[in-house]
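Trainee: Could you put together the complete structure from these sequences and hints?
Chains as they are written, first to last, in this note's numbering: chain A, 1 to 326; chain B, 327 to 652; chain C, 653 to 986; chain D, 987 to 1320.
Any given hint might turn out to be false.
As the list claims (entries may be wrong) - When the alpha-carbon atoms are kept at most 30 Å apart in a straight line, the in silico DSS-like pairs for lysine-lysine are as follows:
id, chain 1, residue 1, chain 2, residue 2
1, C, LYS928, C, LYS964
2, C, LYS801, D, LYS1186
3, A, LYS20, C, LYS928
4, D, LYS1278, D, LYS1009
By construction, these hints were calculated from the structure, which means they are not laboratory data.
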Amino acid sequence: MRDITYAEAVREGMSHAMRKDQDVFFMGEDIGVYGGAFGVSVGMLEEFGEERVRDTPISEGALIGSGAGAAVTGMRPIVEVQFSDFIAVGMDQLANQAAKIRYMFGGRATVPMVVRTPAGSGTGAAAQHSQSMEAWYAHVPGLKVVVPSTAYDAKGLLLSSIYDENPVVFMEQKVLYRKKGPVPEEEYYIPLSESEVKREGSDLTIVSYGRMLPMCMEVAQELYDSEGINIEIVDPRTLRPLDVGPIITSVAKTGRALIVHEAVQFGGFGGELAAQIADSEAFYYLDAPIRRIGGADSPIPYNPNLEKHAVPTPDKVKAAIRELLD
Amino acid sequence: MRDITYAEAVREGMSHAMRKDQDVFFMGEDIGVYGGAFGVSVGMLEEFGEERVRDTPISEGALIGSGAGAAVTGMRPIVEVQFSDFIAVGMDQLANQAAKIRYMFGGRATVPMVVRTPAGSGTGAAAQHSQSMEAWYAHVPGLKVVVPSTAYDAKGLLLSSIYDENPVVFMEQKVLYRKKGPVPEEEYYIPLSESEVKREGSDLTIVSYGRMLPMCMEVAQELYDSEGINIEIVDPRTLRPLDVGPIITSVAKTGRALIVHEAVQFGGFGGELAAQIADSEAFYYLDAPIRRIGGADSPIPYNPNLEKHAVPTPDKVKAAIRELLD
Amino acid sequence: SQTLLEDDMAQTTTPAKSLGKEKLKDMYMKMLHTRNFEEKVAYFFSRGMVHGTTHLYAGEEATATGMLAAMKDEDLMTSTHRGHGHLISKGADISRMMAELLGKDSGYCKGKGGSMHIADVERGNLGANGIVGGGIPIATGAGITTRMKEIDRVVLSFFGDGALNEGVFHESLNLASIWNLPVVFVCENNQYAMSFSRKKAFNIEDLTKRADAYGIPGVNVDGNNVFEVYETAKWAREHARETGPVLIISNTYRYKGHSKSDANRYRTKEEIEEWKQLDPIPRMREVLEQEKMFTKKELDEMEKEAADNIEKAVEFAENAEEPSVDTLTDDVYA
Amino acid sequence: SQTLLEDDMAQTTTPAKSLGKEKLKDMYMKMLHTRNFEEKVAYFFSRGMVHGTTHLYAGEEATATGMLAAMKDEDLMTSTHRGHGHLISKGADISRMMAELLGKDSGYCKGKGGSMHIADVERGNLGANGIVGGGIPIATGAGITTRMKEIDRVVLSFFGDGALNEGVFHESLNLASIWNLPVVFVCENNQYAMSFSRKKAFNIEDLTKRADAYGIPGVNVDGNNVFEVYETAKWAREHARETGPVLIISNTYRYKGHSKSDANRYRTKEEIEEWKQLDPIPRMREVLEQEKMFTKKELDEMEKEAADNIEKAVEFAENAEEPSVDTLTDDVYA
Ligand SMILES: Cc1ncc(C[n+]2csc(CCOP(=O)(O)OP(=O)(O)O)c2C)c(N)n1
Ligand SMILES: Cc1ncc(C[n+]2csc(CCOP(=O)(O)OP(=O)(O)O)c2C)c(N)n1
Ligand SMILES: [Mg+2]
Ligand SMILES: [Mg+2]
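Mentor: Right, here's the structure in full:
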């Protein structure tokens, strides 16, 4: 299997679907000739033409809302929001319209739309271009929320998202865009709402996703190599609807849970994860408190050093592991 | 002390501030001659005039954003968003502008604005007029989030919110608007970020706020009267910044924690509460899993019976208490 | 763009005859059904027999009926919080509408949507909307589908004068314009957004200036004259199909309070009475009589039939089943 | 509204003399500072010496300088992601700007904001903004304060052509209009929103039609002619103070890529070259020479001085302290 980047994997996922299915189209700001702010869609305008790769004005409300309208009437739009922070501009159309249409209409409509959007900090773009707001979307019944942590997952989860009948917020990870990993050339589907054990271990369970997942994998390997600590890592991949089973099973096995995400810790998705563990049979096996490591309680700062410290670092993760194992 | 309604308490809080301070003004949709969709501001136009009680067009982005702009330049605007669901329309201005201005500007600005908004279901207004989205705001550093559960708290917390130097989302509880309670006539201030033990007990801790608080109080009294179960109830009142101390202390004392809120359970603020308990010294005193009861995993339905079952009911709370004490 | 309401109000522009008896009867019945439906709902609410709130269309019937009479069955529509009239004119089943208002399982939304969310996607009704302006982007998206799939149809998007000041109105009209989408945007200017007068909400007298800002045609129409609305709608449909979007400002008036709890403090009884002189239903009847399309008796019979139909709908709805609590979390996901 | 760019471009409307030497020097220096600042920042970025991204104002200097030269110190301003020029023309300290770009503690935002968030509220700069159109409601709110406190000042709100299609533009201009707020809205139409051509983003040629929709004056101005901008700004300021908001469309062009990573695939070299023929800085210089306000030598000296000042700012910034990691969560709350 060749190695390609996370960004290329996303592009391949979109392209497979657009090649075989005329109902799939793609719209967003600067996705055409510019190739997307992060180069994800380079070449797609040339392959699919202006009708199916639609550059839009800067109008996030109409962008998300017209995606929903196209979806309800038979298309499968892929809507790119250039930075996930800008979803706030179209939040009503996402959360009050797209997410609720099916339910409000008594099940008599579907909204098969994907909102693809790059999330996270690490690019020096500061407070309004660096957020990880998955907790917002994950709180909205009717939405699905997917956060891929590898190139392989990105392609397979994106294809499943495009063919899902519900609105999916697909949160790509900016700083992973250039990270390479093995990805099959052909089309493949990773089912939504299936958590994956990304590393097996027995001493402690880390639940993490997105950009933090590879970081945790490295920390785990390092601690294994240096100290023989044996960490299990579970990646939920889809946050809503959440497949909590493998998380509970893992924590019941290891007796220790550490949750790591980039988003601001307070009110972040880690709260949901901790709460589900704390009210499951795993509770009875806990040998230590359930620990979370999330982002600092501040907007993302510009200064590179501050920015780095605004999100979980390997050092913080190691320190937490040691404390929990103590 | 006379009894007045929760809505009257809110009006009194606003009126005190507007009488003594010309910098305080009030804007929103239909707050003037109409007196507000829930009658909260009846009579205020007459007392304060059109300049200080400003009816606005239906433009939530400009409403919240111009509130922020007025606040940064020296006013203390009270902005009413007619139903809290509509905050989604102006979410960018709230979360990306108002909340972040101070930090982005290196602390060289303040945004003393209150966004008052009625939240919750129970009025038959269905999916787009019934939400409780406190978890969204509580995840945003820079915002404060206040949810008063009594008329007394409403007035005292509102006055503190108006005089706070930060943007505050003040989530009024629709179905409590007509509920009466003792409220002093004079001006008084309840500090933000102070949790209150609303009922003392020893067997189990309920953490609840807003509309669910009085319901939990009734359940607790009933169980005490009928079965001698002695429940302690803590009301955080301000969700961000959270005063978690009294919650931890209480759970450490009772060994059992039940969290009750109206908002959709998955991804709700209860996750944060559960997670903080599960990673505190109270963890070591827990005699049972940490239980949450939140809203159903659906938008709010129209049918009254379904609507009633979409949020925690006394029966569900009682059942959970019995289970935890078992 | 045409001249304003004040000038046009009195005149009927089209010989009704040309529409034919069947069509005219259909239109008149729809207006009657709407009026009777709303009166019945008002009664229910005044007696506390229905849950929630509702926004009644009484007084504005000519807009929905005139617009939809010029549309084809396959045309799509987005509606508003004040949507009963749109639904009835689009051919919705009044019984299932009433059942939805009573929160019943056989209602359009299985009792989950209520008045503000009635939809019937299969028949081209993409839904009422509780968010002011919320349906405008959705209509725009339906326009994208229509163009991409090369379907010969248009999308009709209703919204109020209040919605003209929402950001999504602006964004959507621009998008529809640059992509030449087949959308007929219809602003029902009933002079108020809840309590807020159009005169305070805008610094322009002629709301079609909003169309100029997107380079699309804007037309004022006497929204209480069903024939004028119809003629304009016919033209607009053709323009939308062949060229691109159109904005129609249909100038009309709401008789009832904004919603169930409205003391009407922001307007005068006199103003309401003045507008009632321009009631679209008697005005249509007058034309039908003048042009001798129907006899007085026939028209009286229609009126009775319409009232009876509403009673039947009520009976259906009252006897319909409540949804089971077990369905609470059904239909969140497909 | 005035005629469009294409017609006006060549002519200079004002005798520069009337402004006086001091003012003219100040304006010329600001344009030079801006250009030099941007060239320096471009260099830093091309060498990977700065973090993040940046949006350079080179080519558009006459708009900021002309607008702000007509304003008073006490006037307020909201800026954009492309804000360095606004700041410099508002009189910001170039050293503290540069320090902010390098993320230093003595930068305007203590290194927390960076290029996209430089603000100086005390001196009336209510901030650059990372959200397209994000500053427009804030300017509107500052207009409310100004009217309520009866302060004799105006608010200037800059934004790009791309921002014209954001919902908050629409909502804010309407609000400012109905409340007669003293806001001068300035659209810097540099022909592109990132890669998206104005010609594709709008179905109107004359963007001042957007002003008509709110019943406020709209004026096109040659944004590369600092004198024309200045004259328009003077008029606009008076109108805003006395009557209410104004929309100015300043037609100009950006020389550099949209941000650091831009291959310029959406425009041609020829187009860029054509616009460079209209470079606002030589055009100003030419007028200053023609009207004999300054000698060649004086002008050359100004150019050198401006370049030197930037070097000093760089030196200051490079030697400035990094913020301590302990400050990470400071200044979230007041
Ligand atoms: C985003 C949003 N803001 C406010 C409201 C509350 N609201 C419901 S209807 C209405 C007035 C709407 O006026 P208009 O658009 O003119 O329609 P009309 O009711 O007159 O038919 C308001 C303010 C809402 N439903 N959605
Ligand atoms: C709400 C929002 N959408 C998209 C972006 C990404 N973005 C930044 S600048 C820009 C183009 C802005 O164009 P314009 O307003 O014309 O200003 P210019 O860059 O040309 O000065 C875009 C799309 C953003 N920052 N905010
Ligand atoms: Mg109206
Ligand atoms: Mg531009």
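Trainee: Evaluate each hint against the coordinates.
Mentor: Quick rundown of the hints versus the structure:
1. For the hint pairing C/LYS928 with C/LYS964, the CA-to-CA distance comes to about 28 Å; that is within 30 Å, so the pair holds.
2. For the suggested pair C/LYS801 and D/LYS1186, the alpha carbons sit about 22 Å apart, so the restraint of at most 30 Å is met.
3. A C-alpha spacing of about 58 Å is found between A/LYS20 and C/LYS928, which places the hinted pair above 30 Å, so the restraint is violated.
4. As the CA atoms of D/LYS1278 and D/LYS1009 are separated by approximately 15 Å, the hinted pair is consistent with the 30 Å bound.
Hint 3 from the list above is the single one not met by this structure.
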